[in-house]
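Protein chains in written order, with the numbering used here: chain B, 1 to 266; chain S, 267 to 577; chain Z, 578 to 909.
Hints may be right or wrong, so weigh each one.
Straight-line distance between alpha carbons at most 20 Å, and here's what the computed DMTMM-like set of lysine to aspartate or glutamate pairs gives [claimed, not checked]:
(1) Z:K669 with Z:E643
(2) B:K14 with S:D478
(3) B:K195 with Z:E853
(4) B:K250 with Z:E853
(5) Z:K782 with B:E264
(6) B:K118 with B:E72
(7) B:K2 with B:E72
(8) B:K23 with Z:E734
(9) B:K262 with Z:D651
Coverage of chain Z stretches by chain B, computed from C-beta distances (three or more under 8 Å per stretch; other residues unrestricted) [what the hints assert, rightly or not]:
(10) 763-777
(11) 793-805
By construction, these hints were calculated from the structure, which means they are not laboratory data. What you are looking at is a predicted structure, and each value in this text was computed from that prediction instead of being measured. All C-beta atoms in this analysis are idealised placements derived from N, C-alpha and C, irrespective of residue type, glycine included.
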Amino acid sequence: MKKEILKIQNLTKKYTSGLIRTKETIAVENASFKLYSGEILSLVGESGSGKTTIANLILRFIQPTEGEIFYEGKEIHDIPTKDYYKNVQGIFQDPYSSFNYFYRIDHMLNQVFKYSLKGITNKRKALESALSIVGLNTDDILGRFPHQISGGQLQRVLIARALLFKPKLIIADEPTSMIDSSSRADILNLFKELKEGTTNTEGISIIFISHDIGQAQYISERVLIMKEGSIVEQGLTEEVFLNPDHPYTKNLLACCPSIYRKWELD
Amino acid sequence: MTKEMQIELKNQEELGKKVGIKEIIKEKYHAAMDRYKRQIILITVFFIVVLIIVILTLIPPFNDPDKRYWVTPDVLLDNYAEPSLKHLLGTDQLGRDHLTRLFHAVRNSLAFGLITGLICTGIAVFLGVIGPFKGGAVDATTSFITNIALVFPSYAFIILISTILQIREWWVTMLVIALFSWPWAARSIRSQVLTLKERNFIKVSKMSALKDMRVAFTEVLPNVLPYILLAFIMFLGGAIIAEAGIAMIGLGQQNWLTLGLLLNQAVDYGWIFPSFSYWLWLPPGICLILIVLSFFIIQSSLSRTFEQRKV
Amino acid sequence: MTEEVIKIEDLKGYYRGSFGIVHAVDGVLLSVNKGDIMGIAGESGCGKTSLAELITGRPIQLLQHEGGQVYVNDLSMYGVDDEVIRKEILCKVMGYVPQASQNSLNPVKKIRNFILDAMRERVGTKPKNKEKVLNQVAEHFKKLGLEKSVMDKYPHELSGGMKQRVVVGISTLWNPLILIVDEPTSALDVTTQKLLIETFIHLKKIGIVETILFISHDIPVLAQICNKCVIMYAGRIVEKASMDDIINNPQHPYTKMLMFSIACFNPDGSAETKLEGIPGIPPDLKNPPKGCRFYPRCSSRLEKCKENYPPFFIPRTESNPVACWLYEEVGD
């Protein structure tokens, strides 16, 4: 039995707009799921299905309207900020906007040591090992500005930054959607390697958020299908994608373009 | 000019021979680039002139604007001297060299603008950055204050307050002008911060356990620097002209000899009419126009530079 | 007898600006036959969109035609007057739906007024009988699966897929026989993607358009609609083949590696094969390498690849050329 690392219970996020005549928009409604250690869970849905809202909720950027998120049995808002982010890190869709263009790349990596991991003495070594895991050379990255390297490399620097914390959970919010397929495959493989772990590091659990069914199928053990804020189906990847139960999932899979089959178009 | 640029320019020239919409647009673009180069020269010249004036006000015989030349038993003998080689801009009613006074006035006006500009920018940056980051009640309050200040008829209020306050001290005028000029900049900085706040690097910094205010000042503020600089230059020019306006109608400060004060004397002593002592009011007027124009040019060319960087 | 509707000969288009000269399209050779649905695939920055812009005859600002010819129905696009192209070719012979054009609908105008504006721009005078014209347009929209009520809506009331279809509808109002669409599906969800692709197929079936040039980075999408496909890399075409050949039997090393890197939904179970990325990054087009542009990343490179750019060789059938020295022996 695998250890339960993240538990989400009846999570709801509503946005209210307007002052007198308020209008409610439901971003996530009554979502419950669990994540076990050492697995990749994919959140699949079309745009507006609330995938990113769930990521933002887990990463504590926004407060839930109702429901709880437990990390290793503790409600996440009871955990001190610093401790929480040592265990849970995020990677976002747009690598270009994840960097502050005013500074060199070093700035973002040094931030980690300056504010969060104050104990580390050999920073250079920690950086080198994290960058080598993601397949980057320290000399190619340090001292450069974000606009000087490609999107795929930027995304890998972000992953390396997350690895500096030695986190147990990574929330990857559409990490590959703005990257060309030639470097996308490398990043997907990297996530798989991170999940497995190496001899001296533990495997990392990953929540992989994507609209791309192909990538979810390739990378994950379990999938959640989301539609308009609620989870319509969840289960093991093979089961969900081979024998979908919910009509929405069936339709989604039927519409997914694939090189292995052609649609029957009239 | 690098070799690449030369080749490019040559290509452009060749293409320019064909006449079409595209070529015309391209020509206009290059003309604009040339103008921009000229602006850089203008800006440099402006700063050199300012520097020379400031240095001159520190060395004799220009270091004392109240010094009377040709001190004779009858002080009033050498007053209102017309421009001559000895006094390039003539003398005033007390026989003081007007060029010396003009140098001091230019220096003081610029210093006045500089300090007022700094105060304005400080207020604008503080209110523009703190609101979006603190959110909630703080944000509501700061934007409420900004909005209220924005709809104040600032010049009318500057004049009104200067009239009510009978203190003719430099810091009073400075504060009055500063208090009524910052809102538009606070508003535009706030909107910039709001868009930057949605960028992912803010989230990344938060995940490195940075506190909100530190994120605001170390991550967001550097990205707003161009706007802050532009706002500062606008404030600088605006403060100089506002001070001159108040001083000219006799409501400004009395202890710094500024361009406005010179113009105020011209009005008070009737140098424009009935007597026509052009050397006493024409040079300060021209100086004022040139200074404000320079700041406008600097501002517009800088904003173009920043835009180009973003493309 | 197949008829060539678009013929491109050694087309070159560079971006010129203060950033330098970017060789975006650098010697493209291509011909499109009547009735083809031709896909143009490649990674971002490989020159797909620039190629489409150049085919329309009047590319966007900064992008300049530097050489080569484009013939549309045997008419040279760079040999005729601007007005002829604007009035006679665009829309009437060739429709072009640029990238992200669904966002180009005027947000303060109803679709019907937008269409009337477009008509006036094209015809030169105001349509005399508005109702008649609009009825015709509504009929045309019906063929694309759009209700008549769409005409009375503002763009923000329509979904992304609807907007995209409206734009396609406007581009095909004059029944152009050739339609160029640039990344029409990339901002859409899979369900709307499918609807849009069905629309294109339907348009071709009822004869409003005959030939489609479909530009996309998404090869699974291209696989659904195209019968032919070209792969572009760094401003050049590296392989042209039928869609099935590209997927099942790619020849050029780049195409091979690209196919290995695509994470694609497999309806028959989980994807077993391990994906492989392509090491390295595409060359800087400001100063492209002299030899084969894929040379630094290629796993089966030869000595001569470094110095000489390969011409097209034909390893398979006559119409399937590959630009790679590996096939020099096979045929010329």
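Do the hints match the structure? See the list:
no.: 1; hint: Z:K669 with Z:E643; result: violated, 26 Å
no.: 2; hint: B:K14 with S:D478; result: violated, 24 Å
no.: 3; hint: B:K195 with Z:E853; result: holds, 18 Å
no.: 4; hint: B:K250 with Z:E853; result: violated, 29 Å
no.: 5; hint: Z:K782 with B:E264; result: holds, 14 Å
no.: 6; hint: B:K118 with B:E72; result: violated, 24 Å
no.: 7; hint: B:K2 with B:E72; result: holds, 12 Å
no.: 8; hint: B:K23 with Z:E734; result: holds, 18 Å
no.: 9; hint: B:K262 with Z:D651; result: violated, 34 Å
no.: 10; hint: 763-777; result: holds (count 7)
no.: 11; hint: 793-805; result: holds (count 7)
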